[in-house]
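Now for the letters of each chain:
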Amino acid sequence: MNYILHLLIMIGIYLVLSYGLNLVVGFGGLLSLCYAVFYGIGAYASTLLMVKVGISFIPAVLLGIVIAAIFAFLIGVPALRFRGDSFVLVTLGIQMIVFTILYNWVDLTRGPYGIPGIPRPVVAGYEITSLYEYLILVGVILLFSLSVLFILYNAPFGLALKALRDDEMAAEGLGKSPVHMFLYAFVISAVFASTAGSLYAAYVTYIDPTSFTLDESIFLLAILLVGGAGNRIGPFVGTVFMILLPEALRFLGLPDTVAPNVRQMIYGLTLIVLMFLRPQGLAGEYRVK
Amino acid sequence: MMEGLKIKRVSKTLNGIRIVDDVTATFLPGRITALIGPNGAGKTTLFHLITGELKADSGEIVYKGDDISKLKPYIIARRGVGRLFQDVRVFDNLTVFDNVASACFDQEVESPWYPFVKCSHLKRKIREIKDVIYSYLNFVGLSDMDNIYAGALSYGQQKLLAIARLLAGGYSLLLLDEPTAGLNPVMIKKVLEILERIVEEDKGKTIILVEHNMSAVTEVADWVYFMNEGKIAFFGRTDHVLGDKEVREIYLGM
Amino acid sequence: MTLLLQLLHNALVNAAIYSLLAVGFGLVYRSMRFFHIAFGAVYIVSTYMVIAATVNFGLPLPPSIAIGLLIASVTGWIMDRTVYFPLENAGATPGVLFIASLGIYILFVNLIALLFGNEVKILLKGIEPSFSIGSLIFTRMQFIQFAVGWIVVLFFWIGIRKNTLIKGIWAMGETPVLVRVLGLPYKRMRTVVFTLSSALAGTASILTALDVGIDPHVGMQALLTGAVAVIVGGVDVFWGWIGGALILAVLQSIAVWQFSARWNDLITFGILIATLLLRPQGLFSPKKRREER
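Chains as they are written, first to last, in the numbering used here: chain A, 1 to 289; chain B, 1 to 254; chain C, 1 to 293.
Source of the hints: derived by calculation from the structure; they are not laboratory data.
Check the hints yourself; a few may be wrong.
[Said to hold, decoys possible] Label pairs and their calculated CB-CB ranges:
id : chain 1 : residue 1 : chain 2 : residue 2 : range
1  : C       : Y186      : B       : T218      : 54 to 60 Å
2  : A       : I101      : B       : G141      : 56 to 62 Å
3  : C       : N163      : A       : H180      : 38 to 44 Å
4  : A       : H180      : B       : R248      : 48 to 54 Å
5  : A       : P112      : C       : P185      : 48 to 54 Å
6  : C       : R262      : A       : F73       : 24 to 30 Å
7  : B       : N184      : C       : G91       : 26 to 32 Å
8  : C       : R279      : B       : S135      : 39 to 45 Å
9  : C       : E174      : B       : R197      : 46 to 52 Å
10 : B       : G65       : A       : F276      : 31 to 37 Å
11 : C       : I158      : B       : R248      : 55 to 61 Å
[What the hints assert, rightly or not] Far from chain A by the CB rule (all over 10 Å, computed), these chain C residues:
id : residue
12 : A147
13 : A199
14 : I231
15 : D265
16 : G270
Predicted model only: the values in this text are computed from it and were never measured.
By construction, the Cβ of each residue, glycine as well, lies at the ideal position given by its N, Cα and C atoms.
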């Protein structure tokens, strides 16, 4: 039972991530390889605020969101001048740089040693300790995130993003500012990544930089590529597929020593096969340009 | 007040070639002015310069009294300059309905916080706009295809959709790059009727038409600019320009 | 002064390896115009095949190296024939090719990790003999890396100027349509591009692994080094790639001397982003970027 609860919590955290990233990848059509940066900034910011400054969970999460949003703005302004290959490369470069800083700025982040003993979240004077309680916390935040995001998906904001994604020149000719709209999407998606990061840190009570690598960014992008982006169902399909696949392998009796590699091989193979059969992902509607 | 669009001594060089060469022209509201000339004369580039996709090397483009030549494309669009692209450019992965809807919202409504702070306004606005969108779709005969992705339409249908999108945007200056190319005669007639109706109903609207179809030009345009090698070679009433011996030689090959 | 010389010497050795990576990556990137991430997979395949030949089959090193290079080349060719070429024929966009390539990369890295384990493998045991000229110290392996790297680059440069097929490949990057219109042997050109690129990846990989060993995850670093060198130097200038490799190597060795090797990525990707922002056509490309639309 604990195992199932753990899986549900992880799926909840990744749903917040993938639905947030959907705004940039699915609606904006921009393949970002630095989403784990904002996930990591959220985790580190809220953790450090709790551990070093001593403020409580909720304000720490909110401050983490503000910090991630500021970083997203500072990163987005130069990065969003690019499209296509160049955008992928710039975001990849940012991912590598931020990881290097997280890993080597030992005074602040303790680098490779990580930060253990993160205090359990206290919400309205109630300390969250059991898996059930964590699941409820994640569920509430997920519901809140999805209701905000779904409103945005359906609003003229989402429509304008999709128009810019399909044909930037034509959309600009209809009065839509690519710079502003993409920057909004970039910052808003970072807000949700940061929230997910704070939740993750509070759940596992230990973080180190290896959770926020380029591989993690690739994994998050792969969730959307596999599931499909640009609508409300794709991220769900992708998240469930990518999180449950390794567990399915475990039930097949694969030894733990080879399971991670086999899992990754299946991810790789899935991406290749999808590009042949369904470039828009299992349940998506938008094809990568 | 007869303002319209004034192009003053505009030039543009691209890759060492002077594509638009010291062009001066005035396009008055309440009428359709045609811009004709052989391929490579600089007509489409002139449109790019007006919409801000390209920046002029020199000269001024004045619309409603302001120089718009240094503004970004989306700001120029918000000032009322709309454009029909030669290569159509509908949003392939949006439905026909959403394509037209994408032209209907202004900057404020498209901001991410609008649905949260002005929820009831938005709901009302969407209801109102729905009728407007269907009226434009009816206009071009696409209302029963509202849920189809625009990428799945035929070229002619995409062109009609692009026209509906442009009309829904409510622009006061319409730049039309070959609106009749690729359409069948019935549709051509329909499009030309629409254009004539626009300027008749609202005398504040200006239409500039780039067109190779001379019968279409004769039918709707009163005035014609003839461009050749980046320059305005002739300007005058349609019958006068099309009757000119030199124009016929350069352009019509007669 | 000695320190400076030693730094410069290290930089030139690294630059030789980086140039191999840059030419290998640039060859595909320029002629096919898509981002061949699986280049990083070919990179590790070659050395692991050398390891398989020496350790598992007990062959001596020289034939094992030949086998490793051969298998790497064939692997690159198979990737093209089974994935890229069919996808391109089906009208795939560069984005789709990029993602498929990412899939191949993930597949191969984990296949290798599954077969050989995740830990670092050493190709040569024992301490490398070292020489000194004056106060300059270098190892035998550094000398080999330096010599092989620069000779291969030189040969490639001659190839671009003399060999019609390579000349055609170079022209293909500018006007892809031309190849089909002129009836150039498109399939054969692709074969040459992917086998050559893979052989270059293999050469760089084996030369590096002989010195410091290999683990399955270094392919990404190698790919990124090559890609950054090409983009920083300028995609359309052959000597730009080499220049990019040199700049990377020099700045990295200065960083190692001043700070620590741990900050290398900061230098590499800082240069990449700065170049894309300030001079998107690359440092050595004379052409001004064309109007965006």
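Tested hints:
At roughly 48 Å, the beta-carbon separation of Y186(C) and T218(B) lies outside the given 54 to 60 Å, and the hint is violated. A hinted range of 56 to 62 Å for the beta carbons of I101(A) and G141(B) is consistent with their spacing of about 59 Å. The beta-carbon spacing between N163(C) and H180(A), approximately 50 Å, falls outside the hinted interval of 38 to 44 Å. Hint check: H180(A) to R248(B), Cβ distance near 49 Å, so the stated range 48 to 54 Å holds.
In this structure the supplied range 48 to 54 Å holds for P112(A) paired with P185(C), their Cβ-Cβ distance being about 52 Å. Take R262(C) and F73(A): their Cβ atoms lie about 28 Å apart, and the range 24 to 30 Å holds. Against the hinted window of 26 to 32 Å, the Cβ-Cβ separation of N184(B) and G91(C) comes to about 28 Å, which satisfies the hint. For R279(C) and S135(B), the hinted distance range of 39 to 45 Å is not satisfied, since their beta carbons lie about 51 Å from each other.
At about 48 Å, the CB distance of E174(C) to R197(B) agrees with the hint of 46 to 52 Å. The hinted window of 31 to 37 Å between G65(B) and F276(A) is violated, with their beta carbons roughly 56 Å apart. In this structure, I158(C) and R248(B) meet the distance hint of 55 to 61 Å, their C-beta atoms being roughly 58 Å apart. The Cβ of A147(C) sits about 31 Å from the closest Cβ of chain A, beyond the 10 Å cut-off, so the non-interface label holds.
For A199(C), the requirement that its beta carbon stay farther than 10 Å from each beta carbon of chain A is met, with the minimum near 23 Å. Not every CB of chain A is more than 10 Å from the CB of I231(C) (nearest about 7 Å), against its label as outside the interface. Chain A draws D265(C) into its interface by the beta-carbon criterion, the shortest separation being 4 Å against a cut-off of 10 Å. The claim that G270(C) is not at the interface with chain A is violated, since a C-beta of that chain comes within 10 Å of its own (minimum 7 Å).
The structure is inconsistent with the numbered hints 1, 3, 8, 10, 14, 15 and 16, although it conforms to all the rest.
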